[in-house]
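Student: Here is what each chain is made of, one letter per residue.
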Amino acid sequence: MSAPEVAIVGVGLHPFGRYGDKPALQMGTEAVRDALADAGTEWSRVQQAYVGSHVVSNPDAIIGSLGLTGIPVRGVFNGCATGGTSLQMAAAAIRYGEADVAMAIGFDKHPRGAFTGHPSIVGLPEWYGQVGLFLTTHFFGTKINRYMGLHGISQDTLARVAAKNLRNGEITPHAWRRKAMSVEEIRDSAVVNYPLTQYMYCSPCEGAAAVVLCRADLASSFSSAPVYVRASELRSRRPGAFELQSPSLPLETAPSPSVDASRAAYEAAGIGPEDVQVAQLQDTDAGSELIHMAENGFCADGEQEKWLAEGATEIGGRLPVNTDGGLIANGEPIGASGLRQIYETVLQLQGRAGDRQVPGDPRVGYAHLYGAPGASAVTILSR
Amino acid sequence: MANQVPVAEGVFTWPSDEPQLIASERDGELSFPARPGEDERLLSRRGTLWAFTTQQFRPPSPPYDGNDTAETFQPYALGYVELPGELRVQGRFTESDPEKLRIGMEMEVVVVPYTTRPDGTEVLTYAFAPVADAGVDR
Numbered sequence: 000m001s002a003p004e005v006a007i008v009g010v011g012l013h014p015f016g017r018y019g020d021k022p023a024l025q026m027g028t029e030a031v032r033d034a035l036a037d038a039g040t041e042w043s044r045v046q047q048a049y050v051g052s053h054v055v056s057n058p059d060a061i062i063g064s065l066g067l068t069g070i071p072v073r074g075v076f077n078g079c080a081t082g083g084t085s086l087q088m089a090a091a092a093i094r095y096g097e098a099d100v101a102m103a104i105g106f107d108k109h110p111r112g113a114f115t116g117h118p119s120i121v122g123l124p125e126w127y128g129q130v131g132l133f134l135t136t137h138f139f140g141t142k143i144n145r146y147m148g149l150h151g152i153s154q155d156t157l158a159r160v161a162a163k164n165l166r167n168g169e170i171t172p173h174a175w176r177r178k179a180m181s182v183e184e185i186r187d188s189a190v191v192n193y194p195l196t197q198y199m200y201c202s203p204c205e206g207a208a209a210v211v212l213c214r215a216d217l218a219s220s221f222s223s224a225p226v227y228v229r230a231s232e233l234r235s236r237r238p239g240a241f242e243l244q245s246p247s248l249p250l251e252t253a254p255s256p257s258v259d260a261s262r263a264a265y266e267a268a269g270i271g272p273e274d275v276q277v278a279q280l281q282d283t284d285a286g287s288e289l290i291h292m293a294e295n296g297f298c299a300d301g302e303q304e305k306w307l308a309e310g311a312t313e314i315g316g317r318l319p320v321n322t323d324g325g326l327i328a329n330g331e332p333i334g335a336s337g338l339r340q341i342y343e344t345v346l347q348l349q350g351r352a353g354d355r356q357v358p359g360d361p362r363v364g365y366a367h368l369y370g371a372p373g374a375s376a377v378t379i380l381s382r
Numbered sequence: 000m001a002n003q004v005p006v007a008e009g010v011f012t013w014p015s016d017e018p019q020l021i022a023s024e025r026d027g028e029l030s031f032p033a034r035p036g037e038d039e040r041l042l043s044r045r046g047t048l049w050a051f052t053t054q055q056f057r058p059p060s061p062p063y064d065g066n067d068t069a070e071t072f073q074p075y076a077l078g079y080v081e082l083p084g085e086l087r088v089q090g091r092f093t094e095s096d097p098e099k100l101r102i103g104m105e106m107e108v109v110v111v112p113y114t115t116r117p118d119g120t121e122v123l124t125y126a127f128a129p130v131a132d133a134g135v136d137r
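Chains as they are written, first to last, in numbering that gives the first Met the number 0: chain V, 0 to 382; chain G, 0 to 137.
No lab work stands behind these hints, which were simulated from the structure alone.
Some clues are possibly wrong.
A short list of chain G residues far from chain V (calculated; beta carbon distances all over 10 Å) [stated by the list, open to error]: (1) Thr-12; (2) Arg-25; (3) Asp-26; (4) Glu-28; (5) Phe-31; (6) Gly-36; (7) Arg-44; (8) Thr-52; (9) Gln-55; (10) Gly-65; (11) Glu-70; (12) Ile-102; (13) Pro-117; (14) Thr-120; (15) Pro-129.
If you only want the chain V side, here are some residues facing chain G, beta carbon under 10 Å, derived [what the hints assert, rightly or not]: (16) Ser-43; (17) Arg-44; (18) Asn-57; (19) Tyr-127; (20) Gly-131; (21) Tyr-146; (22) Ala-215; (23) Leu-217; (24) Ser-219; (25) Pro-249; (26) Ala-253.
Listed next, the in silico DSBU-like pairs over lysine-lysine satisfying Cα-Cα at most 30 Å (straight line) [as the list claims (entries may be wrong)]: (27) G:Lys-99 / V:Lys-142; (28) V:Lys-142 / V:Lys-305; (29) V:Lys-305 / G:Lys-99.
By construction, the Cβ of each residue, glycine as well, lies at the ideal position given by its N, Cα and C atoms.
The shape of chain V in the complex, shown without the other chains (with noise of 0.2 Å):
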């Protein structure tokens, strides 16, 4: 490992879930104040900010209730991959010393349902959305259902990820869903694109996560417990990977671009999947968290069907995922979530996770994001 130039000293958030008339940029500043709090400084310190949102259209108004201090304050959206964006544009800004202190900010409330759009915005046509299409869900039900098919996964094991991530949930103060349900539950509830089932599903919701970092060297003055940014690194999609919105693939297949994100982070990290010891997998639907178990290099395909049914991914298991219920119990306000998982990883590194904290004092953190239009983004964390 070299040395580390760049330091996480706050995190905040706004609980995921939803909120009535509250304005997404209230909950954002709500945030970020938590996270300033939890770096034991103020708005004014902060040099440069980064703010994601999907349906504030220039999420950088937060400065009007944050203070008008002049700084330059970039607007990010990625898809499901915004919020590791918008940390690994702060983290660059002071790697190349812009700025001794940065902030990486995400907050959005979307509407109930599936995300929707029209095709025409991502380029493709008309009819593609009238005939029914055009939606992100069906995507995650292909691929899953091939993967499994291919590598002998069952579907108890599908409802075995989101009875753990509910179950990590329900021990979680601030997430949505705190109610545990059985394995039998969530396998035999409504399909919704087989053989996923309503409750192996994430829902958009509302909320907000903020992180305060800072010039290694300096991270002291801030925080008696920093944690050090490794790697951060974000991936495009290339030819013939499998992705949403594909009305045709190539034959010739290509990785995800998770694979790339991941393999991109090991390198620069100089930290391998075995030295991980909790994990944040973009668990958009259960079928997700077990291909980016593979994905990211923790397991190989297959394996998944072993590693739930010994329940290695527990809070006390091998590598422990999704420890405040993921996407699945805290739903997916898209700009905010990356850093929600950054939140996570950050108090499980610190041992400030409380009835979730993984044993043994971890030392090493992951987080994962993906989404369309294919698109992936990877960071490490250790302390």
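Position chain G relative to chain V; hints supplied.
Tutor: Frame of chain V, contents of chain G only:
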């Protein structure tokens, strides 16, 4: 017989007893749907099922324009069919029961109505049918 129109021009050959999807080609690389300004190329009618799922809830409108409601929506299966030497193409399937679909089975392009406009005009889309059924659902 009801008046029928394709959902869009340039997606599949129609009218035709043996409909084909319309792709385009540039430097040996195929694209479906066809890209403007490239050479048109008709794709094979038969291939093998590569991946599938089902759509159990009515997609949001717009962009979906089926004349059904959340209550009357009929779930359909969808996925990718690998056309040998060409592309894997995504589409709706005529068979909606996932238990009757398996990866590797032979599938064929058909053209079927997916909705009816207020004036009674049926709107047609391409779909993939298991080869044993091809022709039945037209």
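Student: State for each hint whether it applies.
Tutor: A quick look at each hint next to the structure:
no.: 1; hint: Thr-12; in the structure: 15 Å, holds
no.: 2; hint: Arg-25; in the structure: 13 Å, holds
no.: 3; hint: Asp-26; in the structure: 13 Å, holds
no.: 4; hint: Glu-28; in the structure: 8 Å, violated
no.: 5; hint: Phe-31; in the structure: 4 Å, violated
no.: 6; hint: Gly-36; in the structure: 15 Å, holds
no.: 7; hint: Arg-44; in the structure: 15 Å, holds
no.: 8; hint: Thr-52; in the structure: 3 Å, violated
no.: 9; hint: Gln-55; in the structure: 5 Å, violated
no.: 10; hint: Gly-65; in the structure: 6 Å, violated
no.: 11; hint: Glu-70; in the structure: 14 Å, holds
no.: 12; hint: Ile-102; in the structure: 6 Å, violated
no.: 13; hint: Pro-117; in the structure: 15 Å, holds
no.: 14; hint: Thr-120; in the structure: 14 Å, holds
no.: 15; hint: Pro-129; in the structure: 16 Å, holds
no.: 16; hint: Ser-43; in the structure: 44 Å, violated
no.: 17; hint: Arg-44; in the structure: 44 Å, violated
no.: 18; hint: Asn-57; in the structure: 26 Å, violated
no.: 19; hint: Tyr-127; in the structure: 8 Å, holds
no.: 20; hint: Gly-131; in the structure: 4 Å, holds
no.: 21; hint: Tyr-146; in the structure: 9 Å, holds
no.: 22; hint: Ala-215; in the structure: 45 Å, violated
no.: 23; hint: Leu-217; in the structure: 48 Å, violated
no.: 24; hint: Ser-219; in the structure: 51 Å, violated
no.: 25; hint: Pro-249; in the structure: 6 Å, holds
no.: 26; hint: Ala-253; in the structure: 13 Å, violated
no.: 27; hint: G:Lys-99 / V:Lys-142; in the structure: 18 Å, holds
no.: 28; hint: V:Lys-142 / V:Lys-305; in the structure: 20 Å, holds
no.: 29; hint: V:Lys-305 / G:Lys-99; in the structure: 28 Å, holds
Hint violations for this structure: numbers 4, 5, 8, 9, 10, 12, 16, 17, 18, 22, 23, 24, 26, all remaining hints satisfied.
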